[in-house]
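**Q** Single-letter residue listing:
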Amino acid sequence: MVSRRSFLSNTAGALVTAGVISRVNAQSVPEAPLMGSAATQPPPMPTTGRPFKPVVTLNGWSLPWRMQGDVKEFHLVAEPVEREVAPGMTAHLWGYNGQSPGPTIECVEGDRVRIFVTNKLPEITTVHWHGVHVPNGMDGVAGLTQPPIKPGDTWVYEFDMQRAGTFMYHPHADGMVQFAMGMMGTIIVHPEDLAMHEVDRDFVFLLNAYDIEPGSYTPRVSTMTDFNLWTFNSRAFPGISPMVVRQGDRVRIRVGNLTMTNHPIHLHGHSFEVTGTDGGWVPETARWPEATIDIGVGQMRAIEFIADAPGDWAFHCHKTHHAMNAMAHDVPTSIGVDFEEAAVKLRRLIPEYMVMGDRGMAEMTEMKMELPENTLPMMAGDGPHGSIGMGGMFTTFKVRVEQPPDDYSDPGWYEPPAGSTAHRQDSES
Amino acid sequence: MVSRRSFLSNTAGALVTAGVISRVNAQSVPEAPLMGSAATQPPPMPTTGRPFKPVVTLNGWSLPWRMQGDVKEFHLVAEPVEREVAPGMTAHLWGYNGQSPGPTIECVEGDRVRIFVTNKLPEITTVHWHGVHVPNGMDGVAGLTQPPIKPGDTWVYEFDMQRAGTFMYHPHADGMVQFAMGMMGTIIVHPEDLAMHEVDRDFVFLLNAYDIEPGSYTPRVSTMTDFNLWTFNSRAFPGISPMVVRQGDRVRIRVGNLTMTNHPIHLHGHSFEVTGTDGGWVPETARWPEATIDIGVGQMRAIEFIADAPGDWAFHCHKTHHAMNAMAHDVPTSIGVDFEEAAVKLRRLIPEYMVMGDRGMAEMTEMKMELPENTLPMMAGDGPHGSIGMGGMFTTFKVRVEQPPDDYSDPGWYEPPAGSTAHRQDSES
Amino acid sequence: MVSRRSFLSNTAGALVTAGVISRVNAQSVPEAPLMGSAATQPPPMPTTGRPFKPVVTLNGWSLPWRMQGDVKEFHLVAEPVEREVAPGMTAHLWGYNGQSPGPTIECVEGDRVRIFVTNKLPEITTVHWHGVHVPNGMDGVAGLTQPPIKPGDTWVYEFDMQRAGTFMYHPHADGMVQFAMGMMGTIIVHPEDLAMHEVDRDFVFLLNAYDIEPGSYTPRVSTMTDFNLWTFNSRAFPGISPMVVRQGDRVRIRVGNLTMTNHPIHLHGHSFEVTGTDGGWVPETARWPEATIDIGVGQMRAIEFIADAPGDWAFHCHKTHHAMNAMAHDVPTSIGVDFEEAAVKLRRLIPEYMVMGDRGMAEMTEMKMELPENTLPMMAGDGPHGSIGMGGMFTTFKVRVEQPPDDYSDPGWYEPPAGSTAHRQDSES
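Here the protein sequences line up with chains A, B and C, keeping their order. 10 is the number that the working numbering gives to position 27 of the first sequence; each next residue is one higher, with no gaps. -16 is the number that the working numbering gives to position 1 of the second sequence; each next residue is one higher, with no gaps. 352 is the number that the working numbering gives to position 369 of the third sequence; each next residue is one higher, with no gaps.
Don't read these hints as lab results, they were simulated from the structure. For clarity, every value in this text was computed on a predicted model and none was experimentally measured. No false leads were mixed into what you were given.
Just so you know, same-sequence chains aren't split out, so a pair can sit in one copy or run between any two.
List of simulated lysine to aspartate or glutamate pairs, EDC-like, C-alpha gap at most 20 Å:
#	residue 1	residue 2
1	Lys133	Asp365
2	Lys36	Glu175
3	Lys133	Glu346
4	Lys103	Glu346
5	Lys103	Glu65
6	Lys381	Glu287
7	Lys36	Asp183
8	Lys36	Asp232
9	Lys381	Asp183
10	Lys381	Asp365
11	Lys36	Glu92
12	Lys36	Glu181
Whole structure, please, built from the sequences with the hints as guidance.
**A** Set out below in structure tokens:
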């Protein structure tokens, strides 16, 4: 799924104009792998640099690197992308290296990293390393800590990953537009001591939201509250991978929020604790059990628990409109228009007219409504007992009793790293 | 207030079609008590099963049960209801057993419960036991863990209440519509050890929100953010019971949020700690003092404190629009229309025209405006010093110095359970 | 900047009608200082009463008092004010003593305070001392604990400041309007023991939001969610003072939220802990590190950290629309109108038309658009590396290596109190 592309030719000039030539040799720019798929990629074991237990990025992938002496070099390319939100709908977003969100950057506490950022957008950008303690000049705030990266230019960030934890990267230039277009990614800094904060399964994803008019492809970037597409890593149910674990596994799920509102993430069948934020790890004395964790904008929450209850459990944002796809609230639907217009008129004539007493919306999951092109049904997804009737920020957390099989036909069914036979992503490129 | 109704005749057929006949004998379906009042019901002491100290459900009641061997049997009926939101306004909602929210289900840690759910709605439903650790097949997620319950059918849930705490129940089928219509209730699992987490007064209610156009009765179900009726247990001030305690009482107030936004609940005159969530109890080392607790959607928070300051204290959501009734923000009012239209015009002519410098809205509490039918005034409620001028999510917390009297004319003035002479609800049915 | 005004003549009559004459002699009403500037005022060291280390109120000031025996007397005047939101825009608000927010009230744990409140608004008001434990009759809830203060009247509140901490004051009468107009202020109660909770730098401000149509001056008071001006202490970037500290300083920033939504406040370059709320101090066992703290409405959060990373760091609300000025989301802009209208039409003809792929909004910071009168640019602010392109709830946190100079040309560059040569505010009046 990963393809290799070289920036040696087409970025050499850019590097000069970007003024980074003094800090790095043009010929040393690493390749920028490109991901063509929105499927969850099996986590690759590191073959260079220090060892770590990789995370599973939900409907995402981790960015390969190359070692240049003791420095880990990554190459992010900010660019327009086509992201499949779920089968049947593709969004025209801005992202990194072919997808939105961008690839997960994984490294180890103490690593020195050098991250090349090439701007293939039609406007300026920067990258801010949210939560990472970096020197001021590396903080990526346009105007304040650096000039913006112009279209065509490549900028180099270089710093030490001082602390283990979960962080984010995103632009700090024209933020309203660039967030609304999907520019964001996750940074995982693994502890140097492999036994520290060790879990059996480790998932990560970001919360994002879009306002894409049914029938169109590109988000409206000026929307403040009335988004109609609520997503995990720019994917909507039923397009989101399940998270699959074995009974008894200690599980961590890391979730960052880069939307415009809080998202209360609810797990069925289990209680959990918040064990980490984008500020660091939560001491044990400060933890308490939750069934639903409300994640504020710009926050990252790592939750942990023992997956002791076998079965397929719902995992979703508890705001009902956020677990639906478009046409649920603001955009009129064929049934909704009739419904509301008729109801208003009827209520004036017969105030006690009970609209909802007549129908409801569940039948919509059964109907075959004619949808606009490139539009997901409001409620979708089939389970073992019929229609699940959800959308948006919803997926399943599957606790299986048996040892997982060796094939990876189930996209969320990954071997634990110790016994991993997963091919490395960069070996495919 | 509780009336008895039998489902032996009209549900026997339904039970067959629901396919639950193999798990329970049709003749064993317990009666489904029906509540006709929106007043707070005195908490009944349990006369069967293990002892516990009941909670006071604000403007609600607890569901009677029957013991069938060692199993506690409850019967919920999902159905359209008429809920008095406050004197002068009734909403046509969906709820359980005659009211919205449904009755509180109270039991004891370790209890095995069997809960019959009869669907008298015009569409499918299910019941999810939010926060309760149940076997996967009992989790109530339509399509994923069970087929939906069809109109007319009765479904049986059976599981152990493994952990003491505060939980919720609500549908997990057509959730957007069914939440917007008021389908929800509270579950209290009392500790087996009566001394554990013991308090003198224990209140519980849910936060809910509706969009009911002034002059009509039924919520608009497609609203995502612009609700106009913000309620505690589907009641708006001045229709909400006060909470009355004695000075020195240790008080617990348990609040769950099933709206579409956060509600910061503020108590005057006291600081408090969060001692429990829908995930479990908060260890003492993890607690801290608050004056306002922000409750995310799908979260439950139990707060505790000593009521040491005598007097009548405000207790409310701190979002100002949520402590008002309809017509406050989006729906034009007779004064509002003039006000805004004139203001816009005047501002164009005279930019420095200071609209609010002329009046404000406090005078509206004094005016006798002609309101549409079935509509509450935006600001209402009389206190000892005149108009309180509030609405929505607002009530009072009354700390009294004297021993409470034996009569219950004040709906919130309940004897503590030890000396209770309150009649049991099920003896009335 | 502070001017003296006497209420002896013009309030004596009011005092009689307010019925407070029995509790205080008319001639004893203290002067009500008036602030004419929106600049951050250097913190004055107390010269009467017990010693404390004053806070810096961001773009604000602390209210001088006078000692009357052992009682600290303050005088707040609720009145229409003109507040400069940033150079180029002034809002017509309601506030206290010439500004919105009102002045910070500072005292010491155990102080007895007497606060005179004169109502020069066109409608009733009260003052509620949010988070402070006061006798019920002093709680300031109109109708419930006192009659409202009529226009022209003066009311006297008197109580003991029992606990150190950070609290707020605001009306509890016609709250929706009076919050929307900017009526609020901060209360700091310093510990009696100077070494308790001691920090090197201590900043405080409130979060507020307005809906002021571009070209006008007065907020629309009925807005529930669609505010267009998001501010720190009624100031928008680039009008907000920076916070300047020395490397190694222990810093506290206290932030209260009196808007209608959560604000996730994010600090670059540092992690921090919440050490206090409006309910009290957070025990050490209950603290954990954060990069972003989500502050609910009606909540106060004090955060603390060591400023160990030199440089200029961004400090802002992480909701992207809240770090922009008006015209960003709902109000059409000259570029936005064309953009959206054209985009909708083009998408119908050419569904894959990629609007944002063509431009973006960053170029707007470079353009010299013609703005309506009294309107801030959507994205503004110049840094050492060019346009910062932010607005609203954004400022900088500057960590300097050198000892600060003695001049105060930089408004945030204050001497620590120990070596302060700052003139006292009341000596200017």
